[in-house]
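Peer 1: For the record, the sequence lines run as chains C and Z.
Quick note on UniProt numbering: the first sequence kicks off at 1 and runs consecutively.
Quick note on UniProt numbering: the second sequence kicks off at 1 and runs consecutively.
One thing to keep in mind: the hints can contain errors.
No copy is singled out in the list; a pair is fine if it fits within one copy or between any two copies.
Stated by the list, open to error - DSS-like cross-link-like pairs, simulated, lysine-lysine; straight-line CA separation at most 30 Å:
hint, residue 1, residue 2
1, K178, K92
2, K46, K120
3, K96, K178
4, K227, K120
5, K39, K245
6, K96, K126
Hint data in this document are derived by calculation from the structure and do not stem from the laboratory.
Quick caveat, the model's predicted, so the values are computed rather than measured.
2 protein chains.
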Amino acid sequence: MQNYKLTISYDGHAFEGFQTQNRPGCRTVQDELIKVVSKMAKTPVKIVGASRTDAGVHANGQVINFVFPFDLTERAMLMGINSQLPTDILVKNVEKVQLDFNARHSSHHKRYLYRVSTSKFVDPFKRFYTGHYFWRLDFDRIQAALPDLLGEHDFASFAAAGNQTATTVRRITKAELKSVSNDHELLFTFEGNAFLYNQIRIMVGVLLEIGNGTRPVHDIERLIQVKDRQQARFTAPASGLYLDKVYYESTN
Amino acid sequence: MQNYKLTISYDGHAFEGFQTQNRPGCRTVQDELIKVVSKMAKTPVKIVGASRTDAGVHANGQVINFVFPFDLTERAMLMGINSQLPTDILVKNVEKVQLDFNARHSSHHKRYLYRVSTSKFVDPFKRFYTGHYFWRLDFDRIQAALPDLLGEHDFASFAAAGNQTATTVRRITKAELKSVSNDHELLFTFEGNAFLYNQIRIMVGVLLEIGNGTRPVHDIERLIQVKDRQQARFTAPASGLYLDKVYYESTN
Chain C
1 MQNYKLTISY
11 DGHAFEGFQT
21 QNRPGCRTVQ
31 DELIKVVSKM
41 AKTPVKIVGA
51 SRTDAGVHAN
61 GQVINFVFPF
71 DLTERAMLMG
81 INSQLPTDIL
91 VKNVEKVQLD
101 FNARHSSHHK
111 RYLYRVSTSK
121 FVDPFKRFYT
131 GHYFWRLDFD
141 RIQAALPDLL
151 GEHDFASFAA
161 AGNQTATTVR
171 RITKAELKSV
181 SNDHELLFTF
191 EGNAFLYNQI
201 RIMVGVLLEI
211 GNGTRPVHDI
221 ERLIQVKDRQ
231 QARFTAPASG
241 LYLDKVYYES
251 TN
Chain Z
1 MQNYKLTISY
11 DGHAFEGFQT
21 QNRPGCRTVQ
31 DELIKVVSKM
41 AKTPVKIVGA
51 SRTDAGVHAN
61 GQVINFVFPF
71 DLTERAMLMG
81 INSQLPTDIL
91 VKNVEKVQLD
101 FNARHSSHHK
111 RYLYRVSTSK
121 FVDPFKRFYT
131 GHYFWRLDFD
141 RIQAALPDLL
151 GEHDFASFAA
161 AGNQTATTVR
171 RITKAELKSV
181 SNDHELLFTF
191 EGNAFLYNQI
201 RIMVGVLLEI
211 GNGTRPVHDI
221 ERLIQVKDRQ
231 QARFTAPASG
241 LYLDKVYYES
251 TN
């Protein structure tokens with residue numbers, strides 16, 4: 001019995017999200033991994049993922065773990081899985097870890113990126129890989145708003161209907177914006193201990209509306225106060241969201 | 001009657017190439033354009049493309065033209081077509097041109113790019129957008145070979161079986177290689193008056209084999225001499241090829 005920690009990337013556009021669903025014809029990342037790893041193990045293997053990314057959401061660095069019946073080398077595990085996975089999922093790294101390591105519960109914090117294409121029309125090469133915002137954007141207004149997200153707050157206004165967590169209090173440790181001007185792109189970086197259902201896509205929606213001038217610069221302070229998810233309606237599309245990195249205390 | 005010259009880009013991965021084919025269920029760029037423009041014209045409109053790109057080949061700057069029964073402004077034409085095209089094709093520019101302009105016959109020369117991913121495994125985000133070469137590559141060997149392509153030569157060894165042109169003599173005016181090291185990518189740029197069927201993909205195949213050491217550095221000189229397409233077998237995949245720009249004498 002050996003516990004393996006894998007870092008994987010995937011192009012989310014042809015998946016109905018990470019998590020297995022009990023619907024026929026529903027392709028998920030977890031199902032593809034279960035299929036390959038169980039075949040190698042010759043027995044069903046349970047896959048734990050750090051984040052249950054939504055349909056269309058991408059990953060540069062999702063982390064999963066599973067307990068495997070045989071002791072393969074890290075390299076053999078990486079080659080074995082990659083040779084059988086569909087080409088929209090890739091295992092980037094394999095690490096043997098202690099049996100008590102759990103990709104979800106052991107995670108310390110996570111980094112997400114959100115790419116917004118600001119060109120006038122949707123670039124065919126970006127249609128599945130960025131969000132799109134065609135309206136006027138004042139970069140400085142967004143920069144001024146970002147610090148309002150930092151720290152521990154009740155993000156109830158930023159949780160979508162499906163959110164089922166006990167508390168909506170979360171801590172955000174990084175909220176940054178970079179302009180990739182040659183590419184007509186904005187790149188948001190968010191780090192935090194955990195995020196509510198659709199939280200980042202709703203935060204990006206609010207930030208873009210602040211940038212456009214349809215919300216006051218410090219509207220985030222008000223949204224945190226009111227704890228009312230009806231007040232933040234625009235959810236930026238899944239296509240721009242990337243789970244970039246999952247941080248752990250012990251292994252890294 | 002007004003002749004329009006359009007610059008378009010498309011993500012080729014879901015198309016069976018540019019040109020209309022008489023096979024059911026075969027999706028082509030030309031068909032999509034004919035559908036939209038004919039609907040706007042309320043009569044069938046013939047679309048001429050500068051280059052008949054193959055299945056899976058992309059375009060940053062394909063040029064087309066068509067004669068339209070009404071005189072729309074360039075902006076109205078651009079907005080009208082883009083609002084009806086599928087999101088994997090985009091009209092980037094519209095220009096009114098003389099009636100005798102023909103996107104194919106008036107073209108002076110063309111620029112193609114070829115992206116090669118050199119990472120160990122196929123990056124999920126690049127699987128449709130680059131070629132892949134997993135083997136050892138000596139960048140300097142390829143650089144030394146590139147000038148052998150320049151000038152007017154009989155490229156019979158570099159034409160695929162389907163080539164139907166009267167002569168296989170072509171003039172190449174640019175053949176360059178750049179390393180995009182952060183992205184584990186090589187980027188080839190080729191310019192010439194015209195190219196034979198699959199010529200660029202075969203040239204890239206030969207150049208990669210030169211880089212890998214399985215061909216001598218100046219094997220291109222020999223291939224040009226022997227005029228035998230059996231000698232250059234490896235055709236680099238369509239996914240890495242981009243029609244980047246079409247040049248014209250008069251309009252540009």
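Peer 1: Quick check: which numbered hints come out false for this structure?
Peer 2: 3 and 4
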